[in-house]
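Novice: Sequence:
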Amino acid sequence: MAQVSTVTSQAGAVISHDVAMRFLFVGDSMTIGRSGDFTWRYRMWQHLEATLGAGGYAIAGPRTGLYDADANAPLSHAYGDTAFPEPARRHLAGWGEGWLHMAPVIADTVTATRADILLVSLGLIDLGFYTDSAQTAANAREFITAARTANPRVRLVLLPVIPNVRAESDAPFAAECDRFNTLLAKAVADLDTPSSPVLLASHPAGYDIHTDTYDGTHPGPAGEHKLAGAFADAMHQAWGVGGPYAGALAAA
Numbered sequence: 001m002a003q004v005s006t007v008t009s010q011a012g013a014v015i016s017h018d019v020a021m022r023f024l025f026v027g028d029s030m031t032i033g034r035s036g037d038f039t040w041r042y043r044m045w046q047h048l049e050a051t052l053g054a055g056g057y058a059i060a061g062p063r064t065g066l067y068d069a070d071a072n073a074p075l076s077h078a079y080g081d082t083a084f085p086e087p088a089r090r091h092l093a094g095w096g097e098g099w100l101h102m103a104p105v106i107a108d109t110v111t112a113t114r115a116d117i118l119l120v121s122l123g124l125i126d127l128g129f130y131t132d133s134a135q136t137a138a139n140a141r142e143f144i145t146a147a148r149t150a151n152p153r154v155r156l157v158l159l160p161v162i163p164n165v166r167a168e169s170d171a172p173f174a175a176e177c178d179r180f181n182t183l184l185a186k187a188v189a190d191l192d193t194p195s196s197p198v199l200l201a202s203h204p205a206g207y208d209i210h211t212d213t214y215d216g217t218h219p220g221p222a223g224e225h226k227l228a229g230a231f232a233d234a235m236h237q238a239w240g241v242g243g244p245y246a247g248a249l250a251a252a
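In the numbering used here, the protein residues as written are 1 to 252.
What the hints contain is simulated information worked out from the structure, not anything from laboratory work. On a predicted model such as this, the values are computed, not experimentally measured, just so you know. Ideal placement from N, C-alpha and C gives every residue a C-beta, glycine not left out. Treat the hints with care, since some could be wrong.
What the hints assert, rightly or not - Distance windows between CB atoms, simulated:
#: 1; residue 1: Ala78; residue 2: Ser195; range: 36 to 44 Å
#: 2; residue 1: Arg114; residue 2: Pro85; range: 18 to 26 Å
#: 3; residue 1: Asp108; residue 2: Tyr130; range: 20 to 28 Å
#: 4; residue 1: Ala205; residue 2: Val165; range: 16 to 24 Å
#: 5; residue 1: Asp215; residue 2: Ala134; range: 27 to 35 Å
#: 6; residue 1: Thr211; residue 2: Gly53; range: 26 to 34 Å
#: 7; residue 1: Thr149; residue 2: Ala189; range: 37 to 45 Å
Sequences and hints are given; from them, build the entire structure.
Specialist: Here is the structure:
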C-alpha cells in the first residue's frame with residue numbers, strides 16, 4: 001500500500017518487537033472521529049492485534065472519546081464497534097485541533113503516557129483556520145523537539161496533509177497544502193536521527209475524498225483502512241514493526 005518516503009535516512013533501520021512498545025495516536029477531527037465512527041485508530045488496533053498480538057504493544061493517550069456534534073464536545077463513546085476495548089481507544093486527538101494545539105502539550109503527554117511511537121496526522125485544520133504553511137511547519141518542528149524532551153528516543157510517523165474538498169475550489173488553500181507537505185518532508189529530513197527516527201508516510205494509495213470520506217474530509221470505513229494502512233506499512237517497511245497492512249480486517 002503506502003511507500004515510505006525516501007526523505008528519511010533511517011528507512012533501513014530495524015526496530016525490535018518490544019513488549020513495551022507504546023503507541024500514541026495524535027490528530028485532529030480525522031483521528032478523533034465522531035459518534036458512530038469506527039475511526040482509523042480502531043483499524044490500527046486490529047492491525048496491531050493481528051501482527052504484534054496481545055502483550056506485544058500498548059496504546060497510550062489521555063483521551064478516549066469521540067466528538068459529539070450535538071454537544072460540540074468530545075463526550076461520545078459510541079464507537080462503530082462497541083467491542084473496541086477501552087484501553088485501545090486511548091489517543092491525543094481533538095476536533096478542530098492541529099499542530100498549533102498539540103505542540104505545547106506533547107511533552108507532558110509523552111511523559112505521562114510513556115509513549116515511544118507517535119502516529120501523527122495533523123495539519124489540515126491548521127492550514128484551514130489557524131496558520132499558513134510556514135507557520136504550520138514551524139509548529140510541526142516544535143512538536144518533534146518537544147516530544148524528544150520527554151523521550152529522547154521517541155519514534156514518529158507523520159502523515160502528510162490530505163487536501164479535502166475545499167482544495168478543489170480554493171486554489172490558494174490547495175497551494176498551501178502542497179507547500180506544507182514539501183516543508184514537512186524537509187522537516188523530516190532535517191530532524192530524523194538514528195536515536196529518534198522520524199518517518200514521513202506516503203499519501204495513502206488510492207485515497208479518494210469522494211469515496212473514502214463521508215463529507216469530503218472525514219474518513220468513512222474505506223478511508224479509515226487506507227489511513228491505518230499508510231501508518232502500518234511505513235512502520236513495517238522502515239523498522240520491521242508489525243507486518244504489511246492486511247486490508248479489510250473489520251466486518252465493516
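Novice: Now tell me if each hint is right for this structure.
Specialist: Verification of the hints:
The hint said 36 to 44 Å for the Cβ distance between alanine 78 and serine 195, and at roughly 41 Å that hint holds. About 19 Å separates the C-beta atoms of arginine 114 and proline 85, a value consistent with the hinted range of 18 to 26 Å. The supplied range of 20 to 28 Å is met by aspartate 108 and tyrosine 130, whose beta-carbon atoms lie about 21 Å from each other. The hinted window of 16 to 24 Å between alanine 205 and valine 165 holds, with their beta carbons roughly 20 Å apart.
At about 28 Å, the CB distance of aspartate 215 to alanine 134 agrees with the hint of 27 to 35 Å. Between threonine 211 and glycine 53 the Cβ separation comes to about 33 Å, which falls inside the hinted range of 26 to 34 Å. One distance hint, 37 to 45 Å for the beta-carbon pair threonine 149 and alanine 189, is violated here, with the actual separation near 21 Å.
Hint check: a violation occurs at hint 7 only; the rest are consistent with the structure.
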